[in-house]
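Undergrad: The primary structure of each chain is shown beneath.
There are 2 protein chains.
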Amino acid sequence: MSYSTLEKTFHRLAQLGHAEAMLSWDQHVMMPPKGNAARSKAMAELTVLRTEILQDERLSDRFDEAEQEADLTDWQQANLREMKRSWQQTRAIPKDLVEAQSLASSECEHAWRTLRPNNDWAGFEPLLQQVFDLAGEAAAAYQDALGADRGYANAYDALMDQYDPGTTMSRIDPVFDRLKAELPGTLQQILERQSQRPTPNKPERPIAITQQDALARALMSTLGFDFDAGRLDQTAHPFSGGVPADSRITTRYDEHNVIEGLMGVIHETGHSRYETGLPQAWTSQPVGQAMGMGVHESQSLFFEMQLGRSRPFIDAIAPMVRQHLGDDPAFSADNLHALYTRVEPGLIRVNADEVTYPSHVILRYELERDIILGNASVKDIPERWNQAMSDLLGLDTRGDYRNGPMQDIHWPMGAIGYFPSYTLGALNAAQLHAALLRDVPDAAERIAQLDLAPIFDWLSRNIWQQGRFNNYDDLMTQATGEVLNPDYFLDHLQSRYLSA
Amino acid sequence: MSYSTLEKTFHRLAQLGHAEAMLSWDQHVMMPPKGNAARSKAMAELTVLRTEILQDERLSDRFDEAEQEADLTDWQQANLREMKRSWQQTRAIPKDLVEAQSLASSECEHAWRTLRPNNDWAGFEPLLQQVFDLAGEAAAAYQDALGADRGYANAYDALMDQYDPGTTMSRIDPVFDRLKAELPGTLQQILERQSQRPTPNKPERPIAITQQDALARALMSTLGFDFDAGRLDQTAHPFSGGVPADSRITTRYDEHNVIEGLMGVIHETGHSRYETGLPQAWTSQPVGQAMGMGVHESQSLFFEMQLGRSRPFIDAIAPMVRQHLGDDPAFSADNLHALYTRVEPGLIRVNADEVTYPSHVILRYELERDIILGNASVKDIPERWNQAMSDLLGLDTRGDYRNGPMQDIHWPMGAIGYFPSYTLGALNAAQLHAALLRDVPDAAERIAQLDLAPIFDWLSRNIWQQGRFNNYDDLMTQATGEVLNPDYFLDHLQSRYLSA
Chain S
8 MSYSTLEKTF HRLAQLGHAE AMLSWDQHVM MPPKGNAARS KAMAELTVLR TEILQDERLS
68 DRFDEAEQEA DLTDWQQANL REMKRSWQQT RAIPKDLVEA QSLASSECEH AWRTLRPNND
128 WAGFEPLLQQ VFDLAGEAAA AYQDALGADR GYANAYDALM DQYDPGTTMS RIDPVFDRLK
188 AELPGTLQQI LERQSQRPTP NKPERPIAIT QQDALARALM STLGFDFDAG RLDQTAHPFS
248 GGVPADSRIT TRYDEHNVIE GLMGVIHETG HSRYETGLPQ AWTSQPVGQA MGMGVHESQS
308 LFFEMQLGRS RPFIDAIAPM VRQHLGDDPA FSADNLHALY TRVEPGLIRV NADEVTYPSH
368 VILRYELERD IILGNASVKD IPERWNQAMS DLLGLDTRGD YRNGPMQDIH WPMGAIGYFP
428 SYTLGALNAA QLHAALLRDV PDAAERIAQL DLAPIFDWLS RNIWQQGRFN NYDDLMTQAT
488 GEVLNPDYFL DHLQSRYLSA
Chain R
8 MSYSTLEKTF HRLAQLGHAE AMLSWDQHVM MPPKGNAARS KAMAELTVLR TEILQDERLS
68 DRFDEAEQEA DLTDWQQANL REMKRSWQQT RAIPKDLVEA QSLASSECEH AWRTLRPNND
128 WAGFEPLLQQ VFDLAGEAAA AYQDALGADR GYANAYDALM DQYDPGTTMS RIDPVFDRLK
188 AELPGTLQQI LERQSQRPTP NKPERPIAIT QQDALARALM STLGFDFDAG RLDQTAHPFS
248 GGVPADSRIT TRYDEHNVIE GLMGVIHETG HSRYETGLPQ AWTSQPVGQA MGMGVHESQS
308 LFFEMQLGRS RPFIDAIAPM VRQHLGDDPA FSADNLHALY TRVEPGLIRV NADEVTYPSH
368 VILRYELERD IILGNASVKD IPERWNQAMS DLLGLDTRGD YRNGPMQDIH WPMGAIGYFP
428 SYTLGALNAA QLHAALLRDV PDAAERIAQL DLAPIFDWLS RNIWQQGRFN NYDDLMTQAT
488 GEVLNPDYFL DHLQSRYLSA
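Chains S and R supply the protein sequences, listed in that same order.
Each residue of the first sequence is one higher than the one before, starting from 8 at the first, in our numbering.
Each residue of the second sequence is one higher than the one before, starting from 8 at the first, in our numbering.
Treat the hints with care, since some could be wrong.
Claimed, not checked - Heads up, simulated BS3-like pairs for lysine-lysine below, C-alpha to C-alpha not over 30 Å straight-line:
| id | chain 1 | residue 1 | chain 2 | residue 2 |
| --- | --- | --- | --- | --- |
| 1 | S | Lys102 | S | Lys91 |
| 2 | S | Lys48 | R | Lys187 |
| 3 | S | Lys48 | R | Lys209 |
| 4 | R | Lys15 | S | Lys15 |
| 5 | S | Lys15 | R | Lys386 |
| 6 | S | Lys91 | S | Lys41 |
| 7 | R | Lys209 | S | Lys102 |
| 8 | R | Lys48 | R | Lys91 |
| 9 | S | Lys187 | S | Lys386 |
| 10 | R | Lys386 | S | Lys48 |
| 11 | S | Lys209 | S | Lys102 |
| 12 | S | Lys41 | R | Lys102 |
| 13 | R | Lys48 | S | Lys91 |
| 14 | S | Lys386 | S | Lys41 |
| 15 | R | Lys102 | S | Lys15 |
| 16 | S | Lys15 | R | Lys48 |
Said to hold, decoys possible - Here are some chain R residues pointing at chain S (derived, C-beta under 8 Å):
| id | residue |
| --- | --- |
| 17 | Ala221 |
| 18 | Ala225 |
| 19 | Leu226 |
| 20 | Phe234 |
Simulated from the structure, these hints should not be mistaken for laboratory data.
By construction, the Cβ of each residue, glycine as well, lies at the ideal position given by its N, Cα and C atoms.
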C-alpha cells in the first residue's frame, strides 16, 4: 500500500522530469533568444516543485512502511531502494546550501565565459575556490546523511555517487594508477609506429551539410535509431536528450571537418539506444532509469570506439560514406580507418583520441579529489596541471590557462566528481566488448555485414534492460563475469594500435 | 500578506502553464509519432497538478483574507478578482464530472474522425448526445457555484463564460438577431454586384514553399513579429501557441494555393501580437492574461480582415508579393484585392469569407444554446441545420452530414459555448477599427506606407496592455466609447463590398 503510494509519487516526479527534459531540449535547439528568461523561470519552478514533492514529511513513514511490505517482487524491491536513494539525496543538503551552490556556480560559469578567452586565471581562481568550498560542504552533508547506507569512505565518494552510483575511490584509485603506469609507454610505442606510416588524407573539398546530414541519418538507422521515436537536430554543442519514448539527439556539422562529425553522431546514438532500450514497464520509476554516467558513457563509447572505429565496421560503412559524400580518396576504407585511429597528444580533452583521453581525465580526477579531501587547494591547480600534462602526455602547458585548467565547463558549473565517468565509460566499454566477443564469437563477421542485431540484443539483455535493478558492480559482474578491470581497455589499445 | 501568497501560487500555476504550452507546441510541431503516449501522460499529470494546487483547502481562507487587505493597488485588486474566478471555476465542477466529460469527449472525438468521412450521423448522434448531456450538467454546476458572482442568467451563460468571460446571452441575442435580419439581404446585394465583375485570376503556376515562407516571414516582420522572441513553423492545422516572451505560430503552405496561406499567417500574427503585447509586469498572473476568445479573435481578425484585406494594405504589399513570388498577373494589387474580398456562400465554416462567416456561427450558436437550455435536442440538429443554411445562405445540406453538422471538431471535443467567439471577434474588430480611425485619422495613409506603428500603438494601449484589468464591456467602452455594437461590422461590409 505504502509502496504503491510511493510509486505514484515517483510517477509524478517522472512526468515533471519529462517536462524538464523537453523544455531543456527546446531551449537548446528551438527557442528564440528572448525566450530565455521566461524559460529559466519555468524550469526553476519545476525543479522547486520536484524538490517539494520529495521533501513531503509523510514520505519518511511511507518508506518505513514500504520496507515492511512482504509481497514486493525483486524489481519492486530494487525500485524501493532507488526511490529511497533519490529521496535521501534530496533531503541530505540544506536548502540554503543548495541556493548558495546554485549562485556560486552561476557566477563562476558566467565569469568563465569571458575569463577563459582572456586567459585570466587570477580572476577565475577566487570564483572557483568558492565553488570548490561549497562542493566540499555539500560532500560533507551527503556523507553525513547517506554515508552509512551507501558505503562512502570519504567526502569525494559522496560526490561521485551523485553522477555514478556505486563508484568509489577505492574502486577507481588502483585502476587509474594502473593506467598512469601503462599509458605513457603505450603512447610512445603507438606514436613511433604511427610515424612510420603515411599521414592519412583529409577530404579535398568542403562537404555540404545536407550530404553530411543524409549520411548521419543513414548511419543512425543502421545503428537502430528509430526516427519515429526520436529526432536528430543541429546544435553548437551536441547532446543526447529527450525521454526513452522520444529520443532527441543533436549534432554539429562542419563543411571542412566531416570526419569528427560522423563519430559524434555515432556516439550520441549510443547514448540514445541505451535510454530507448531501458525497461519500458519501469519507464517512470527510478529503477527504470539509466545506471549512471559511467555506464551511460560506456554505451556511447561502445558505439563510437569499440564498434564505430573498428576495422570491420569502417570497411562496411565506407561504401555508404562514398555514396553520400562522393568519391574522395579520403573515403577509402583504409584511409578512413587511419583517420579514425589517429593518435596525437593535445591540450584539449574533448578533442583527444582514446589513447590520450584517460590522461586528461586522471589529472582532473586527482586534482578534484585532493582538493575535496583537503590535500590540495585551488591555487595549486596550474602547477599540478602542468606537471601531469608533462608526465602523461609530454606537453608543456605553463601560462596557457585557457587551454589548460580553464578549458572545461564542469568545474565552473559545479560538476565535481563527474570527470571519472568518461574514463570509466571507456573501460566499461572495452570490458563489455570483450564479453560480447566471448558470447557472440562471430561478432566481427556480423559487423562486416552490418548485421548488428546480435550486438544490440546482447547490449539490451546485459545493460539496457537491466535499468538500475542491480548496482554497478553486480551489473558488470553479470554482464562480463567480473567487476571493473582495466586490462580489457589496455588489451584493446594493444590490439587496435600495436598488433598486426 | 495573503494576497502575496496567492500571487506566488498563481506564479507557480503560470510556470506549469508555460510547460504545458511548450509541450503542446512540441507535440504538434516537432514530436515523432511514437512519442505521443509518453507526452500525453506527462501533460495529463501537469493538468492534475494544477488542479490540485487550485483545490488546496487553504486557498479559501487566503481569498477571504486578501479581500480584506486595504493596501492593494487597482491592478492587484483586478488580479485578485481574476485569481478568484479561476479558483472558483476549478472548484465548481465535481471531479467525477470532469472525468466523465473527458472520457465522453475523447470517445466522441475519436469516433468522429472515422464517422465524419463516412457521413454517419446515426453513429455520431448518441455519442454527441452524451457530450451535450454532460456539458449541460457542468453548466448547471457552474451556474450554481458562480452564477450569483458572475451574473449568469442561465446555464448557457455559464458555458460561454468559460471561453469568453463576460459574454452573456442577453448581450449576444439582440446582436445576432440583427445580423440574421441584415446579412441575407446584404449577401444578395454583394453577390449581384460581384457577378458584374470579372472573376479574379489565380496564379498560373505552383509557387515553391520556400518562396511562400520567405514572403510570410517578410510580412510577419512588417506586422511587427519579432523573430528573436518567436518562431514560425509548418503544421497541418495552423495555430498560435507558446508564451508571451516566446510566441510560436504555425502555418500551412500549399504550392497550389498561395492566396489563403498568406492570410493565415497574418491572422496568426494578430493572435501573437496580442499575447506578446500583454502587460509584462503581470505576465505570470491571471490579470496579465488575454481577455477571452472573443477579444483574442478580434485581434487576429483586425490583422486579417480590417488591416490585411484593406485596399491600402494590399496596394502596399503587392510589390513585396511579386518580389518573393514572381511576376504573375494574379499578383497585381487590383487582382489581389479582388481575390481577398471574394464572397461565396459555401458549406464549410473555416473556408467562409467574412460576409457569410457569421451565418455559420449563428446557426451553431442557436443550436447549442437551445440544446443546453432544453429547448431542442441533439436529434433535431440535422433538420435545423438545413433550415438555417437555407434561410441564411441559400444552401441545401440535406443528407450531407459530413459537410453539415459533422464538419467541426468543437462539439465532439466538448467545446460548447465557444462558437460565438468567432463572430464576436469579427464584430469587435470592426468596432475597434472604427474607433482607431477616429483616434488616428491618417491611418489609411500610414498603412499605405506600411508605417504601422501608430496602428499597433493604438491596439497596444487600448487592448494588449489592458490584459484582464477591466471586464469585457468596460474594455470595449474605454477603447471605443460603447459596448458591443454590430453596426460597425455591418457598416464595414457596406463600405468594403457595396460602396465605390
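Undergrad: Each hint should be assessed against the structure and marked as holding or not.
TA: Hint check:
1. Lys102(S) - Lys91(S): It holds: about 19 Å lies between the C-alpha atoms, which stays within 30 Å.
2. Lys48(S) - Lys187(R): Not satisfied, since the Cα-Cα distance of roughly 49 Å exceeds 30 Å.
3. Lys48(S) - Lys209(R): The given pair, whose Cα atoms are some 48 Å apart, is violated under the 30 Å limit.
4. Lys15(R) - Lys15(S): Given pair Lys15(R), Lys15(S) holds - Cα atoms ~26 Å apart, limit 30 Å.
5. Lys15(S) - Lys386(R): violated (43 Å)
6. Lys91(S) - Lys41(S): Roughly 39 Å separates the two Cα atoms, so the pair is violated.
7. Lys209(R) - Lys102(S): Distance ~66 Å between Lys209(R) and Lys102(S) Cα, so the pair is violated.
8. Lys48(R) - Lys91(R): Roughly 28 Å separates the two Cα atoms, so the pair holds.
9. Lys187(S) - Lys386(S): Status holds; Cα separation ~24 Å.
10. Lys386(R) - Lys48(S): Violated, at about 50 Å.
11. Lys209(S) - Lys102(S): This hinted pair is violated, its Cα atoms lying about 53 Å apart.
12. Lys41(S) - Lys102(R): violated (39 Å)
13. Lys48(R) - Lys91(S): Judged against 30 Å, a Cα distance of about 24 Å means the pair holds.
14. Lys386(S) - Lys41(S): Roughly 38 Å separates the two Cα atoms, so the pair is violated.
15. Lys102(R) - Lys15(S): holds (19 Å)
16. Lys15(S) - Lys48(R): Holds, at about 13 Å.
17. Ala221: With a minimum Cβ separation of about 18 Å from chain S (threshold 8 Å), the hint on Ala221(R) is violated.
18. Ala225: Violated. Min distance 18 Å.
19. Leu226: This hint is violated: Leu226(R) lies away from chain S, its Cβ roughly 18 Å from the closest one there, beyond 8 Å.
20. Phe234: holds (7 Å)
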